[in-house]
Amino acid sequence: MEKITRRSFLFKGIGAGVIASFPVIIPSRVLGAESPGNKITIGAIGLGGMGSGNLGGFLGHPRCRVLAVCDVDQRNLESAKKRVNDHYGNNDCAAYKDFRELLARDDIDVISMATPDHWHAIVSILALKSGKDVYGEKPFSHDLKEGRAMVNAVNKYGRIWQTGSWQRSTGNFRFACELVRNGRIGKVHTVEVGLPTGGAGGTAPFTDPPPELDYDFWCGPSPWAPYSKDRTHWNWRWQMDYGGGQLMDWIGHHGDIAQWGLGTEYTGPVDINPIHAVFPKIGIWDAATRYKIECTFANGVKMIVQNAESGVRMGAKWYGTNGWVWVDRGGFETDPPTLKNEKIRPDEINLYRSNNHIGNFIDCVISRRQTITPAEVAHRSASIGHLCVIAITLGRRLRWNPEKEEFIGDDSANRLLGRAKREPWNIII
Amino acid sequence: MKIKSVILFGLISVMSLSLLAQEKDPYQEVQSWQFGKSRETLFKIDEIIRSTKPDGYKNIEKRLITLLNSQQTTKDAKRYICKWLVIVGSEECVPAVAQLLTDPELSHPARMVLEPLQSQVAGEALRNALSKVQGKLLAGVISSIGVRRDTKAVGAIKLYATGADPVVAENAIAALGEIGNDEALTVLENIRPPQNLERAHTRALITAAGHLADAGFKTRAAAVYKKIFDSSSTPAFRYAAINGIVNTLPQNQAVAFLIEQLQSKDEHIRGAAASAFRHCPDTALKNNVAEKLPNLEREAQLLVLGILSDIDDVNGRTPSLKLLQTSNDDTVLIAALDCLARHGEAADVQTIAQIATKKPSLSNAVIQTLQRISKPGTDNALVKLFETDASARAIALNVLSNRRVESALPTFVRLLRGNDIALATEAAKGLATLGTDEQVKELSDVIIKTEDDGLRNVAASAIKSIARKSKDKTALSQTIVNSFDAAKTVQARTTFLQLLVFTGGESALKTVVNSLNNPNQEVKNAAFESLVSWGDDSVVPYLIGIAKNSTDEKQAIVSLRDGCLRLAEMEEIPLQKRIQILQDVLQVAKRIDEKKRAVSLLGEIPTPDSLKILQKAASIPELKTDAYKSTIRLARQIGAIYPDQAISALEEVKSNATDEGIRKQAEQAIASVKNAGLSPDGFVLAWLICGPFTKEGKDGSALFNEAFPPEQAGSTVQWKPYTVPPNKKNGLVEFDKMSGFKGNDRVAYLKTTIISDEAQDAQLEFGSDDGLKVWLNGKIVHSNNAVRPCVPGQDKVKVKLAKGENTLLIKLTQGGGEWAVSSRIRSIGGKELNDITILPKI
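Sequence order for the protein chains is A and B. Note that the working numbering numbers the first sequence so that position 399 is 399, with each residue one more than the last. Note that the working numbering numbers the second sequence so that position 792 is 1221, with each residue one more than the last.
No wet-lab data here; the hints were simulated from the structure. Glycine residues also receive a C-beta, built at the ideal position from the N, C-alpha and C atoms. Don't take each hint at face value.
[Said to hold, decoys possible] If the Cβ cut is set under 7 Å, some of the chain A residues that face chain B in the computed set are:
#1 K156
#2 E309
#3 S310
#4 V312
#5 R369
#6 Q370
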């Protein structure tokens, strides 16, 4: 009898994975044995806000076993290690400051990656090239070139990728998109993507970094700047060297849903027109706080990306010739209202169904099938955000070739597709 | 929109330039900028760049180059100058920038400018810097050269790839891979890396092979991949090599290779081969592999079927159909069925359905597949299957219902009319799901005509489910009444009488009442059963009549117990009507059991009228104890709103009750009622509540600004008294636990009256889940459209209470989950507020 090892289980499980895939790729819990030897092994890199939440998701998944954690902040690291050990009732969880040591372990199947944005590409590309499947936080990448390199690594190394755009695994969002895709509001001409308004700030004084944080490592591939408590831990989101502001934070949610509804998940706009943008003048936070950018797709459909104000609500709202559909985490409205009671027939577009985002990822790790938010789709959603950021940075209208992923006739804009990494980091690893 | 944008950015441009004319030269200001100084200085340059067209960049670049070359310019300023030069820079800035490459603090900012600059000069600057830097800086320069894929640098970089510094060597190896021309690949092939760089080396080989393949040198690339695949390299590299080989070998060889790997004994290799299959851009190759699917080993079949189930551009239909015929493996069959859900056609419907006949354990998988096939003609094929294949009829019916195939309705009706009882029964089942009011007449005709009990029952069930969703119950009721009149058999008549309960209505009730006198006992019984089950209080006079006049004692009891008392519990019926029903029951009931039940229910209806009836009921010796208990319960509930009536009723209980326990309970209740509206720690306990209010298409947050009747002057609102139960802390009013309020996306209102002995300042403290809007004496004093859990005291508002009555109105929104509010009245300093009484007034 062939010996069943932990890894071999993954592929033994494929048949069962297929059984479970009606009508979607669904709970792996139905797939059989759950002894520790059969677990999918997890290493978690980045254990702040989102990483800590995702760690809970993997700890709670019956098919997973978290083996190692990694963070450049010793407090986050110790706290995560304790959490894992408390969960399993042992002291087995390994803790690393340097993600490369964790990635060198051949007994880890899956990486939960939730670092600040500026680390996404380097960590995940090395993970993928080390044979790991990755659950990565959104936004997918920190710039467009990184995003393309990440997609290439996923495909060339044959890995499974899920992005933390979990709204896709929620019924209302899917149904809203199905209504739009199936013409229930007629021919779509516009979609509004309402994102949060940012805030100015980051005025805390520069100090020595706390001893538990390896700050130089934290800055990593991005430009170095002196430490302040407003620099790191979530606040990095409001600085363009490390994050991308509210625009980039949320484009992977509502922008992603807008794309899903339009069916433009594998392409992008051809024209990006910045209407207005307001940037903070003081403090170290430099991301736009208010913004409005009009993107136009090749078929003439417009996507308005803006902070939610002036009657535009958070969420995605598609307008068609016969009505509109609006969806957000707390709301779902249609015009006419009866659209909410519509049934999507089998001969119409029925979108991918998942009711559990981490669960969907694990099912796909087993079946080797595509997740609900694969790398290319996540890259295209993030691309819209990057294009908007470049347009408001330059203050001018841009033309974009979504196939070649280049701006047309604008050298300066093309120079902003990627950024040189601070030594010794790079994404060409 | 487009014009507007130009104007907006144009305006910013003009404004900022004119502003700048009056201010200091921003470039000069930047020169001395350091971390810690205001970023406003930097912001000015950002704005200049944002408002300048590319043809104006030259001037900015010149100013920035001057600053870079100046000894006076701080290093911190130079970091930012480099960031701006990324946008406005050209070959002209290269010399000034290149000199920074050797500065540990500025080397990275300099590379940010040079790396993306499409210029030979920039490339040359980076190459020249190689000999001037060491360690990390050298690694950085090498990686920038790699990103630029500078083929002129191969000769220089190869020296570093075998150097002693592992960081530099790793970057050099990676850069050679990224440059990825034949020369770079040859260099890489000739390197024998130390163990710590083996993985970096193989990654670089894979990258270089990829670039060569993209450039058309597939044979060269294939050889690299093959070597890696055949080696004992790290598994991840062998997986990547499979992908590379599939994309570089001639098609026939690639197919053979892929098939071999899909059937590998090594599960990792099989998984990698599956991925290569998915990502291969060559559709012909994929079709070629798919064609061979029926002959592959089981594990390979499962992997490929899974992928085919996700993609459209490869023919998954033929191999899946073939597998349905040839495989006996349930797992494979299920996978093939799943694949057919995407690729199957109308012509495949019967073949797929037959699997369920052959293997009943796969029925669910068959149904799921048939439900999802989306190709044209599938609905018609399913209707045909239903009609022609008895063995597949149940499955076809299930699928037609779930697909909501309305085009099946005429077929169902036709079969319903036919002579085949089995078919007619299945058709009636279909109508239960898909039918509308229009088919009720047909179903009624079947009930009239058929002698088959099974068919009659199924037809009746179909009418019931149609009635439940019907929007015109009056018309439906008339159709059934007409059918009842036309029916000749007892079975049909009794069936229609049962169905009339589901439509209700005046003529339906009349038909049922008249049937109580039908000469046939079965019909009579059916009529009585319907009467007792009737859904609204229009039936009460008839039920009371039966209880009063019937000589059949059992019937009298049932009409009260299952009829009247059931209706008196229904929240949908207005309070006064429920009281009237209970009063009638007390009058006509012959048994004590029904009277006791009525007394108990009166204790649940929060009005002073209920109290009065209970006081009266207490005069009947057998009811005395029950009436006292209900009185105590009710008085506690409404005591805050009707303190006089409640206390009076409780005093009566206290005086007259012989049971010591009841007297004590009454005494405690009196004490409680006297302080019913306000807890000792200031929480409001006595309220009038109403709701829930909803609006189609609006969620909890959106309802916050929707004005419902309690907010509208002069509107009529049915307020219900509510007192926070003694076991609830913090005056918590929990709507999500109240039967009439449960649900998402709705609003409730609470109202009470604060009587203040004098005009005084006060602090209202609230906790709410979710949003909260508060009016005091008609004016909004607080508004918070929050989505949050309720924490008492999370919102505090200072108000002025008028002397005398102050009306407090609260609107509480609900998105989902818990739904509660806590309200407290304190002095401005958060202490107890004296001289106030809470007394809700209807």
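Okay, the hints, checked on the actual structure:
1. K156: 5 Å, holds
2. E309: 15 Å, violated
3. S310: Result: violated, 13 Å to nearest chain B Cβ.
4. V312: Constraint on A/V312 not satisfied, violated at 14 Å.
5. R369: 5 Å, holds
6. Q370: At 5 Å from the nearest chain B Cβ, A/Q370 passes the 7 Å test, so the hint holds.
Checked against the numbered hints listed earlier, the structure breaks hints 2, 3, 4; every other hint is satisfied.
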